Amino acid sequence: DTAVSQTPKYLVTQMGNDKSIKCEQNLGHDTMYWYKQDSKKFLKIMFSYNNKELIINETVPNRFSPKSPDKAHLNLHINSLELGDSAVYFCASSTQGNEQFFGPGTRLTVL
Amino acid sequence: DQQVKQNSPSLSVQEGRISILNCDYTNSMFDYFLWYKKYPAEGPTFLISISSIKDKNEDGRFTVFLNKSAKHLSLHIVPSQPGDSAVYFCAATTQGAQKLVFGQGTRLTINP
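For the record, the sequence lines run as chains W and E. Position 19 (the first sequence) corresponds to 19 in our numbering; numbering is contiguous. Position 25 (the second sequence) corresponds to 25 in our numbering; numbering is contiguous.
Bear in mind the hints are in silico, worked out from the structure with no lab data behind them. Note that this is a predicted model, so its numbers are computed, not measured. A virtual CB, placed ideally from N, CA and C, is assigned to each residue, including glycine. There may be inaccurate statements among the hints.
[What the hints assert, rightly or not] Here are the in silico distance ranges between beta carbons for each label pair:
1. E:Asn27 - W:Gly16: 36 to 42 Å
2. W:Glu82 - E:Ser12: 34 to 40 Å
3. W:Pro69 - E:Val78: 42 to 48 Å
4. W:His73 - E:Thr26: 47 to 53 Å
5. E:Ala70 - W:Glu82: 38 to 44 Å
6. W:Lys52 - E:Thr45: 25 to 31 Å
7. E:Arg17 - W:Glu53: 32 to 38 Å
8. E:Lys56 - W:Gly16: 50 to 56 Å
9. E:His72 - W:Leu111: 25 to 31 Å
10. E:Ser51 - W:Gly28: 22 to 28 Å
11. E:Arg61 - W:Leu111: 42 to 48 Å
Here chain E stands alone, though its shape is the one from the complex (with noise of 0.2 Å):
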């Protein structure tokens, strides 16, 4: 039972554009969710986060919106650098529980 989806398991964009992951998740109790990046032969770096209060939240290039009622949310990376290539996981908990469901990733390629 996969509470916390990523449906593409891959995404090419040309540096310079926006790259749109996007994840969903089935339960409802989740109330905080955040974005990890994972190079090869490395642990996962967290990235950003948003709490079920917020639909956005913005750092920089990156940027997380969260869409309650379809239980979706989606990571914007504007422009897309090469370094940005990577595999993207996104996870879901329920504050306080101390305890991150992820998603399979979204392995993303920026080409120059």
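For reference, chain W alone in the conformation it holds in the complex (with noise of 0.2 Å):
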């Protein structure tokens, strides 16, 4: 059983596009986020959200925007895509605890 899925795994578009990640847990979690891996291999905080509420931005361009629609999924829209939001986009979930579960990862090239 899956546990922290996302769809797609690959996605190659042209700048200037919009596209749209997704993901589910299925552990019964309250908080998810949203990071991404650059090319130095850095993992960031993009976003988190708690039972569908926004907790964290960390400066984001607002052409990203995630969407909760339930606590368990949290959805990322990217607009106008640039050649920098090329990376691999990972979705994760938590309970009370520190301990985060992670998603295999959305690998976005943007041409």
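Two chains, each in its own frame: build the complex with the hints.
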């Protein structure tokens, strides 16, 4: 059983397009996150949602808009994609503790 | 401003020997530390953690040591096995902050 799943796993698109990445967790966690792993391999938090409410927004361009329809889902929509958005995006979830469980990642390539 | 640093990008260890991965942090507010393991094309998986009220936590072959005065932690794996070959990320947080700050990872290779 997949705990945190993301779709798609790979996404190749042209500059200027709009794309979405979906994330679902079946762990019953109340907090979900989006992280970005850039070309230098740093994993950096972008957003955190708790019970569908945004609690962390780490100075991410407003072209990135997370949406949480319910506490099991946190989707990431990106408008007007730029070359610098190419990265691996990881979704994660957690409960009250600090251990976060990660999805398999979505590799986004902007051409 | 990198608050969590793993200064060794790679480490190679012989099977059966001890692997020691190091991590330094600069933010004295951090009070909870975690190690994650990552295989290619997969997400990071939680390995072990330690609270700042402890200086050691052990789980099977994995032990994490915390030296608060030096702002340093290390992960010991003994004995090392081929399946331990992966990238290891150190992460730190302030409890309740719900935000992990990661190091840049160390690629561990276990040689048979």
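Structure-based check of each hint:
1. E:Asn27 - W:Gly16: 36 to 42 Å: holds (38 Å)
2. W:Glu82 - E:Ser12: 34 to 40 Å: Roughly 37 Å apart at Cβ, these two residues keep to the hinted range, so it holds.
3. W:Pro69 - E:Val78: 42 to 48 Å: Given a distance of about 46 Å, which is inside 42 to 48 Å, the answer is holds.
4. W:His73 - E:Thr26: 47 to 53 Å: Between histidine 73 of chain W and threonine 26 of chain E, where Cβ atoms are some 35 Å apart, the hint is violated.
5. E:Ala70 - W:Glu82: 38 to 44 Å: Check passed, 40 Å falls within 38 to 44 Å.
6. W:Lys52 - E:Thr45: 25 to 31 Å: holds (26 Å)
7. E:Arg17 - W:Glu53: 32 to 38 Å: violated (48 Å)
8. E:Lys56 - W:Gly16: 50 to 56 Å: For glycine 16 of chain W against lysine 56 of chain E, whose Cβ atoms are near 52 Å apart, the range 50 to 56 Å holds.
9. E:His72 - W:Leu111: 25 to 31 Å: Since the Cβ atoms of histidine 72 of chain E and leucine 111 of chain W sit about 42 Å apart, the hinted range of 25 to 31 Å is violated.
10. E:Ser51 - W:Gly28: 22 to 28 Å: holds (24 Å)
11. E:Arg61 - W:Leu111: 42 to 48 Å: holds (44 Å)
Hints 4, 7 and 9 from the earlier list are contradicted by this structure; the remaining hints agree with it.
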